Amino acid sequence: MDILTAIVLTLTIAIILNIILKKFQISTIVGYIFTGVIIGYFIGFSQITQKELEHIAEFGIVFLMFTIGLEFSLHHLKQMKKEVFVFGGLQVILVSLVFGYIAYQFFGLDAKTSIIIGAALSLSSTAIVLKVLNENGDIHRPYGRNSVGILIFQDLAVVPILIMVTIFTDTNSSVSDLITNTIISAVIVLVILYLFGKFVLEKFLAFVVDTKTEELFIATILLLVLSSALLAHYFGFSYSLGAFIAGMLLAETKYKHQIEADLVPFRDILLG
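No gaps in the numbering here: position 161 of the sequence shown is 160 in numbering that gives the first Met the number 0, and each next residue is one more.
Please keep in mind that the hints were generated in silico from the structure rather than gathered at the bench. All figures in this text were calculated on a predicted structure; none of them were measured in a lab. It is possible that some hints are incorrect.
Straight line, CA to CA, 30 Å or less: simulated BS3-like cross-link-like pairs of lysine-lysine [claimed, not checked]:
(1) 253 / 202
(2) 80 / 255
(3) 111 / 77
(4) 81 / 202
Modelling step: build the complete structure from the supplied sequences, incorporating the hints.
Listed below in C-alpha coordinates is the structure:
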(Lines of atoms letter the chains of each structure in order from A and count residues from 1; the text may use other names and numbers.)
(Lines give C-alpha, C1' and ligand atoms only; values in the text may rest on other atoms or scores of the structure.)
Protein backbone atom coordinates (compact mmCIF):
# COMPACT_ATOMS: atom_id res chain seq x y z
CA MET A 1 0.00 0.00 0.00
CA ASP A 2 1.42 3.40 -0.96
CA ILE A 3 1.82 6.16 1.63
CA LEU A 4 -0.95 8.41 0.21
CA THR A 5 -3.52 5.61 0.45
CA ALA A 6 -2.31 4.85 3.98
CA ILE A 7 -2.72 8.49 5.05
CA VAL A 8 -6.23 8.74 3.54
CA LEU A 9 -7.30 5.47 5.19
CA THR A 10 -5.80 6.48 8.54
CA LEU A 11 -7.49 9.90 8.51
CA THR A 12 -10.84 8.35 7.51
CA ILE A 13 -10.78 5.87 10.40
CA ALA A 14 -9.58 8.53 12.86
CA ILE A 15 -12.30 11.02 11.87
CA ILE A 16 -15.12 8.45 12.06
CA LEU A 17 -13.95 7.11 15.43
CA ASN A 18 -13.48 10.56 16.97
CA ILE A 19 -16.89 11.78 15.80
CA ILE A 20 -18.44 8.79 17.58
CA LEU A 21 -16.29 9.12 20.71
CA LYS A 22 -16.91 12.87 21.00
CA LYS A 23 -20.63 12.11 21.31
CA PHE A 24 -19.70 10.41 24.60
CA GLN A 25 -17.29 13.19 25.67
CA ILE A 26 -14.27 10.90 25.22
CA SER A 27 -10.90 12.48 24.38
CA THR A 28 -9.76 12.36 20.76
CA ILE A 29 -6.48 10.81 21.89
CA VAL A 30 -8.43 7.60 22.59
CA GLY A 31 -9.75 7.66 19.04
CA TYR A 32 -6.24 8.09 17.66
CA ILE A 33 -4.97 5.18 19.76
CA PHE A 34 -7.80 2.93 18.52
CA THR A 35 -7.01 4.06 14.98
CA GLY A 36 -3.44 2.89 15.47
CA VAL A 37 -4.66 -0.47 16.78
CA ILE A 38 -6.98 -0.95 13.80
CA ILE A 39 -4.31 0.07 11.31
CA GLY A 40 -1.61 -2.04 12.95
CA TYR A 41 -3.47 -5.25 13.72
CA PHE A 42 -6.40 -5.47 11.32
CA ILE A 43 -5.26 -3.72 8.15
CA GLY A 44 -1.55 -4.42 8.45
CA PHE A 45 0.48 -1.84 6.58
CA SER A 46 3.89 -2.85 5.32
CA GLN A 47 6.88 -1.99 7.51
CA ILE A 48 7.91 0.77 5.11
CA THR A 49 4.46 2.40 5.26
CA GLN A 50 4.39 2.14 9.06
CA LYS A 51 7.80 3.81 9.27
CA GLU A 52 6.60 6.67 7.07
CA LEU A 53 3.50 7.15 9.24
CA GLU A 54 5.70 7.12 12.36
CA HIS A 55 7.81 9.91 10.87
CA ILE A 56 4.65 11.95 10.25
CA ALA A 57 3.60 11.35 13.88
CA GLU A 58 7.05 12.52 15.00
CA PHE A 59 6.34 15.83 13.25
CA GLY A 60 3.18 16.14 15.34
CA ILE A 61 5.09 15.66 18.60
CA VAL A 62 7.70 18.19 17.46
CA PHE A 63 5.02 20.80 16.74
CA LEU A 64 3.25 20.00 19.99
CA MET A 65 6.40 20.69 21.99
CA PHE A 66 7.01 23.79 19.90
CA THR A 67 3.59 25.26 20.72
CA ILE A 68 4.09 24.38 24.40
CA GLY A 69 7.38 26.26 24.19
CA LEU A 70 5.48 29.25 22.78
CA GLU A 71 3.40 29.31 25.96
CA PHE A 72 6.46 28.96 28.20
CA SER A 73 8.90 31.75 27.35
CA LEU A 74 12.41 31.93 28.83
CA HIS A 75 11.10 34.22 31.57
CA HIS A 76 8.25 31.80 32.27
CA LEU A 77 10.64 28.84 32.38
CA LYS A 78 12.81 30.59 34.99
CA GLN A 79 9.72 30.76 37.18
CA MET A 80 9.19 27.00 36.70
CA LYS A 81 12.51 25.87 38.19
CA LYS A 82 10.67 24.13 41.04
CA GLU A 83 8.28 22.26 38.73
CA VAL A 84 11.04 21.17 36.33
CA PHE A 85 13.95 20.30 38.60
CA VAL A 86 12.31 19.47 41.95
CA PHE A 87 9.06 17.80 40.90
CA GLY A 88 10.54 16.39 37.69
CA GLY A 89 13.66 15.12 39.43
CA LEU A 90 11.69 13.49 42.25
CA GLN A 91 9.28 11.84 39.81
CA VAL A 92 12.01 10.29 37.66
CA ILE A 93 14.15 9.16 40.62
CA LEU A 94 11.32 7.75 42.77
CA VAL A 95 9.52 5.97 39.91
CA SER A 96 12.84 4.55 38.67
CA LEU A 97 13.60 3.19 42.14
CA VAL A 98 10.14 1.64 42.57
CA PHE A 99 10.03 -0.12 39.20
CA GLY A 100 13.72 -1.05 39.41
CA TYR A 101 13.11 -2.66 42.80
CA ILE A 102 10.07 -4.56 41.48
CA ALA A 103 12.04 -5.84 38.47
CA TYR A 104 14.94 -6.93 40.69
CA GLN A 105 12.99 -8.36 43.61
CA PHE A 106 9.96 -9.97 41.98
CA PHE A 107 11.17 -10.85 38.47
CA GLY A 108 14.68 -11.96 39.38
CA LEU A 109 16.45 -9.67 36.91
CA ASP A 110 20.03 -8.55 37.45
CA ALA A 111 20.76 -5.12 38.92
CA LYS A 112 21.79 -3.40 35.66
CA THR A 113 18.72 -4.62 33.75
CA SER A 114 16.45 -3.63 36.65
CA ILE A 115 17.91 -0.11 36.75
CA ILE A 116 17.40 0.34 32.99
CA ILE A 117 13.80 -0.94 33.19
CA GLY A 118 13.06 1.35 36.14
CA ALA A 119 14.48 4.36 34.30
CA ALA A 120 12.55 3.54 31.12
CA LEU A 121 9.25 3.19 33.00
CA SER A 122 9.79 6.55 34.72
CA LEU A 123 9.24 8.33 31.39
CA SER A 124 5.79 9.35 30.15
CA SER A 125 4.32 9.91 26.71
CA THR A 126 4.74 13.65 26.17
CA ALA A 127 2.34 13.56 23.23
CA ILE A 128 -0.55 11.94 25.12
CA VAL A 129 -0.20 13.93 28.36
CA LEU A 130 0.09 17.34 26.70
CA LYS A 131 -2.69 16.54 24.22
CA VAL A 132 -5.07 15.71 27.09
CA LEU A 133 -4.03 18.80 29.09
CA ASN A 134 -4.58 21.01 26.04
CA GLU A 135 -7.96 19.49 25.24
CA ASN A 136 -9.22 19.95 28.79
CA GLY A 137 -7.78 23.46 29.12
CA ASP A 138 -5.79 22.38 32.17
CA ILE A 139 -2.31 23.26 30.98
CA HIS A 140 -2.26 26.60 32.86
CA ARG A 141 -3.71 25.20 36.08
CA PRO A 142 -1.32 24.30 38.92
CA TYR A 143 -1.28 20.56 38.22
CA GLY A 144 -0.98 21.30 34.50
CA ARG A 145 2.12 23.42 35.14
CA ASN A 146 3.53 20.67 37.35
CA SER A 147 2.88 18.09 34.63
CA VAL A 148 4.60 20.21 31.98
CA GLY A 149 7.57 20.74 34.30
CA ILE A 150 7.88 17.00 34.89
CA LEU A 151 7.66 16.28 31.15
CA ILE A 152 10.40 18.82 30.42
CA PHE A 153 12.65 17.15 32.99
CA GLN A 154 11.87 13.73 31.49
CA ASP A 155 13.03 14.99 28.09
CA LEU A 156 16.25 16.17 29.72
CA ALA A 157 16.60 12.86 31.59
CA VAL A 158 16.60 10.85 28.37
CA VAL A 159 20.23 11.80 27.70
CA PRO A 160 21.71 10.57 31.03
CA ILE A 161 19.54 7.44 30.77
CA LEU A 162 20.99 6.68 27.33
CA ILE A 163 24.49 7.29 28.73
CA MET A 164 23.71 4.82 31.52
CA VAL A 165 22.54 2.21 28.99
CA THR A 166 25.75 2.70 26.99
CA ILE A 167 27.88 2.31 30.12
CA PHE A 168 26.06 -0.89 31.12
CA THR A 169 26.23 -2.47 27.67
CA ASP A 170 29.61 -1.28 26.36
CA THR A 171 32.55 -2.29 28.52
CA ASN A 172 34.94 -0.28 26.33
CA SER A 173 33.18 3.05 26.85
CA SER A 174 34.70 5.72 29.08
CA VAL A 175 32.26 7.21 31.58
CA SER A 176 34.15 10.50 31.82
CA ASP A 177 34.27 10.85 28.02
CA LEU A 178 30.53 10.22 27.68
CA ILE A 179 29.65 12.76 30.37
CA THR A 180 32.08 15.34 28.98
CA ASN A 181 30.74 14.92 25.43
CA THR A 182 27.15 15.27 26.66
CA ILE A 183 27.91 18.47 28.58
CA ILE A 184 29.78 19.94 25.61
CA SER A 185 26.91 19.02 23.27
CA ALA A 186 24.34 20.63 25.58
CA VAL A 187 26.38 23.83 25.83
CA ILE A 188 26.82 24.02 22.04
CA VAL A 189 23.09 23.55 21.37
CA LEU A 190 22.04 26.11 23.98
CA VAL A 191 24.62 28.69 22.91
CA ILE A 192 23.75 28.38 19.20
CA LEU A 193 19.99 28.67 19.81
CA TYR A 194 20.35 31.45 22.40
CA LEU A 195 22.61 33.60 20.20
CA PHE A 196 20.34 33.09 17.20
CA GLY A 197 17.28 34.01 19.27
CA LYS A 198 18.99 37.01 20.84
CA PHE A 199 20.57 38.66 17.82
CA VAL A 200 19.06 37.24 14.62
CA LEU A 201 15.54 35.87 15.11
CA GLU A 202 13.46 39.05 15.51
CA LYS A 203 15.19 40.83 12.60
CA PHE A 204 14.89 37.77 10.39
CA LEU A 205 11.14 37.42 11.08
CA ALA A 206 10.61 41.16 10.49
CA PHE A 207 12.29 40.78 7.09
CA VAL A 208 9.99 37.86 6.22
CA VAL A 209 6.85 39.67 7.44
CA ASP A 210 7.73 42.68 5.26
CA THR A 211 7.18 40.47 2.20
CA LYS A 212 3.48 40.35 3.20
CA THR A 213 3.31 36.71 2.10
CA GLU A 214 1.57 34.51 4.66
CA GLU A 215 2.75 31.18 3.26
CA LEU A 216 6.35 32.43 3.35
CA PHE A 217 5.94 33.30 7.03
CA ILE A 218 4.52 29.83 7.80
CA ALA A 219 7.31 28.17 5.81
CA THR A 220 9.89 30.19 7.75
CA ILE A 221 8.46 29.11 11.10
CA LEU A 222 8.40 25.48 9.96
CA LEU A 223 12.04 25.82 8.91
CA LEU A 224 13.00 27.27 12.31
CA VAL A 225 11.16 24.54 14.23
CA LEU A 226 12.57 21.65 12.21
CA SER A 227 16.08 23.11 12.16
CA SER A 228 16.09 23.45 15.96
CA ALA A 229 14.77 19.90 16.32
CA LEU A 230 17.44 18.56 13.96
CA LEU A 231 20.18 20.50 15.76
CA ALA A 232 19.17 19.01 19.11
CA HIS A 233 18.94 15.51 17.62
CA TYR A 234 22.34 15.85 15.95
CA PHE A 235 23.93 16.47 19.34
CA GLY A 236 22.16 13.50 20.95
CA PHE A 237 19.03 15.14 22.38
CA SER A 238 15.40 14.58 21.41
CA TYR A 239 13.70 16.32 18.49
CA SER A 240 11.00 17.56 20.86
CA LEU A 241 13.50 19.27 23.18
CA GLY A 242 14.94 21.28 20.28
CA ALA A 243 11.44 22.25 19.16
CA PHE A 244 10.53 23.27 22.71
CA ILE A 245 13.55 25.60 22.93
CA ALA A 246 12.64 27.09 19.52
CA GLY A 247 9.15 27.78 20.84
CA MET A 248 10.51 29.57 23.91
CA LEU A 249 12.75 31.74 21.73
CA LEU A 250 9.88 32.68 19.42
CA ALA A 251 7.69 33.40 22.46
CA GLU A 252 10.00 36.34 23.17
CA THR A 253 9.12 37.92 19.80
CA LYS A 254 6.08 40.03 18.90
CA TYR A 255 4.96 37.37 16.40
CA LYS A 256 4.03 34.81 19.05
CA HIS A 257 0.24 34.97 18.62
CA GLN A 258 0.41 34.93 14.83
CA ILE A 259 2.59 31.82 14.97
CA GLU A 260 0.16 30.08 17.33
CA ALA A 261 -2.80 30.86 15.07
CA ASP A 262 -1.00 29.54 11.98
CA LEU A 263 0.54 26.34 13.37
CA VAL A 264 -1.87 24.93 15.98
CA PRO A 265 -4.19 23.27 13.37
CA PHE A 266 -1.19 21.54 11.74
CA ARG A 267 0.02 20.39 15.14
CA ASP A 268 -3.24 18.73 16.14
CA ILE A 269 -3.71 16.93 12.82
CA LEU A 270 -0.13 15.62 12.69
CA LEU A 271 -0.17 14.63 16.35
CA GLY A 272 -3.35 12.65 15.82
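Hints, one by one, checked against the model:
The hinted pair formed by residue 253 and residue 202 meets the criterion: a straight-line CA distance of about 11 Å does not exceed 30 Å. For the given pair, residue 80 sits about 23 Å from residue 255 by alpha-carbon distance, which is consistent with the 30 Å threshold. The straight-line distance between the Cα atoms of residue 111 and residue 77 is roughly 35 Å, outside the 30 Å bound, and the hint therefore fails. With a C-alpha separation of about 33 Å, the suggested pair residue 81 and residue 202 falls outside the 30 Å cut-off, and the hint is violated.
In summary, the structure is inconsistent with hints 3 and 4 from the numbered list given earlier, while agreeing with the others.
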